[in-house]
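Peer 1: Going down the list, the sequences are from chains A and B. If you number the first sequence the way my numbering does, the last residue is 330 and the count never jumps. If you number the second sequence the way my numbering does, the last residue is 261 and the count never jumps.
FYI, nobody ran anything at the bench for these hints, they're computed from the structure. Computed from a prediction, not measured in an experiment: that's the story for all the values here. Beta carbons: idealized from backbone N, C-alpha and C, even for Gly. No false leads were mixed into what you were given.
Derived coverage of chain B by chain A (criterion: at least 3 residues anywhere in the stretch with Cβ under 8 Å from a Cβ of chain A; other residues may be distant):
#, stretch
1, 128-139
2, 181-191
Part of the chain B face toward chain A, derived, beta carbon under 10 Å:
#, residue
3, Leu-93
4, Leu-109
5, Ser-111
6, Gln-113
7, Ile-119
8, Ser-123
9, Ala-215
10, Arg-219
11, Ser-222
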Amino acid sequence: MLILSPADRAVEVPDLAAAGADELYAGYVPPFWAKVFGPVVSCNRRSYDEANVPSLDELSDLVRAAALRDVPVFLALNASPVPEEMIPPMVGLAAELAGRGVRGVIVSDLSLLLALRDARFRGLQIHASTLFSAFNGAAVAFLRRAGATRVILARGLSVAETAGMVSAAPRTPLEVIGMRGRCPNIEGFCTHLHDDPGRTWPCELRSEKAWLGDAPGIPDGIREAIERNEGTDRHFSCGLCAIPLLQRAGVHAFKVVGRGAELARKTAAVAAAAAMRDFGRSSVPDAAACARRGKAMYRDMHGCPCRRENCYFPEFGPGLPGLPADGGSG
Amino acid sequence: MIREYRYAGPDGAGVPALPPGVGAAVGSEYCVHLLPGAPEMARAVAATSRRIPLILLTPYFRDAELKRTIPLFRAIPENADVTVAVNDWGTLLSLRVLFPRMTLSIGRLLSGQKRCPRIGGSSRLTPEGRAWHGQGLHASPRGREFLEREYGVRGFHLDRLPWSEDLPPAGAGKGADLFIHEPFAIVTVSDGCPWIGGTSSAAVASCPRPCRKGAVRLREPSLGEDLLLKGKARFVRTAENASSHSSTPDAKKLVVYDDLP
Chain A
1 MLILSPADRA VEVPDLAAAG ADELYAGYVP PFWAKVFGPV VSCNRRSYDE
51 ANVPSLDELS DLVRAAALRD VPVFLALNAS PVPEEMIPPM VGLAAELAGR
101 GVRGVIVSDL SLLLALRDAR FRGLQIHAST LFSAFNGAAV AFLRRAGATR
151 VILARGLSVA ETAGMVSAAP RTPLEVIGMR GRCPNIEGFC THLHDDPGRT
201 WPCELRSEKA WLGDAPGIPD GIREAIERNE GTDRHFSCGL CAIPLLQRAG
251 VHAFKVVGRG AELARKTAAV AAAAAMRDFG RSSVPDAAAC ARRGKAMYRD
301 MHGCPCRREN CYFPEFGPGL PGLPADGGSG
Chain B
1 MIREYRYAGP DGAGVPALPP GVGAAVGSEY CVHLLPGAPE MARAVAATSR
51 RIPLILLTPY FRDAELKRTI PLFRAIPENA DVTVAVNDWG TLLSLRVLFP
101 RMTLSIGRLL SGQKRCPRIG GSSRLTPEGR AWHGQGLHAS PRGREFLERE
151 YGVRGFHLDR LPWSEDLPPA GAGKGADLFI HEPFAIVTVS DGCPWIGGTS
201 SAAVASCPRP CRKGAVRLRE PSLGEDLLLK GKARFVRTAE NASSHSSTPD
251 AKKLVVYDDL P
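Taking the hints into account, I'd like the entire structure generated from these sequences.
Peer 2: Here it is as structure tokens:
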């Protein structure tokens, strides 16, 4: 299983590769898009400068630095919708990217996916973004028919569900997102506007709540469940425990998210994922052993136990029967 | 031709009370536990088939959930006037393979429209950037043609948003029906449900639907409008009251909700 990391600048590549990244992905907003849609509507869903390579020349530098380490680079073009008039320039951009050595693009718009399929670029992979919300094997088949050469699964699937999809789609490499950036909502169905320059997103805000129903107030449990996700820092999102099992299931790539984050955060996440993968390769750990190791690594990395709201894979939620609460011995 | 549909509850309990000339919508766009069972679906079809058409709203599915739901789809007779609104690409493929004559449409969750109330008030959006949030797959000739040719898709479900004033007028589309839903637009959907402790809806084999007993109003000033949380979905009210088809002559078909679905 490959480990895929965000990379925002060429200078970051050596550290990320040394930490264990096998693949990199980046963002870039072409002038033809920014000119029409302004500073907030990005063609890769990240509007802030830190998350985007500033120019095609710098992107070429990043690709070259990665090629020296035999690491392919993919580019996110995962805005949706891509309006009809933007399809030809986006396909043109993909051609330009292929010429500069970018190995593939990540898309979430059906029309762009179809246009890239029909353009028949040699050697340019087309990855269907998690925004397509592939929760089942038939969705993988749909996306493959529409041109995807790799499918990034919806977040929120269990390890068992993911494993079932791998076996059902043997010809389609599947990618799983599992470190940093976990959102309480289903990304492909979430339409919140992420326009805050301070990067506090609507799903993280604390709301005043009122009950609309016959009971005198919000029933027990509902308020608590809502508030558990308010104020949650996505930096602490983690799926380390699942890595050995995902690898054994045949998942093609494990993605660390967080374009625009500091390099130290990215390298720490990649190193932890790589270490967990090595643990899975060197032994054949069962789920409980994976949980012990993963939760101990989490505590080492963050200085606190993991929390249910930060857990990517429901089988490994802290406090579940049969699992250690937060590790302690690895 | 029927131009107005009313949401008649997950199982279609409200179908018998619908006024003449109004179609029915049943099911759910966001939760598998809010779908009718096969017997309820058969009853709803029987109650409507002779006089009014029906829309079955469907959510996203995991593999096991989709498999369990096949009997529901099988309960729809081939000649019944039922449109299935899909919100899952895998469901679209599966239904096309298993039920090639079923009338399929693309649901609101796959439309591409963005419905966060903050879009209306953000000072950082340009007019073009704001308008982008109202666009969607329905406006893409390439996407429409592919979905119609490969999957027999005949319609698209949309919200009328302040930034989506360019919804094509009746007859402007090439064959595809446009279903405009009012007055609640879905802003976001989570997999975890607060009504069952925040766990995934996939964690329970069946759900007693506690979310039918109320909703939570969420107020956060920067959003500009209140959100309404019911089950796994957060909605925003797009109009004070649902329109009737006579007040929205540009909408080909209107799906109206008296309460949060």
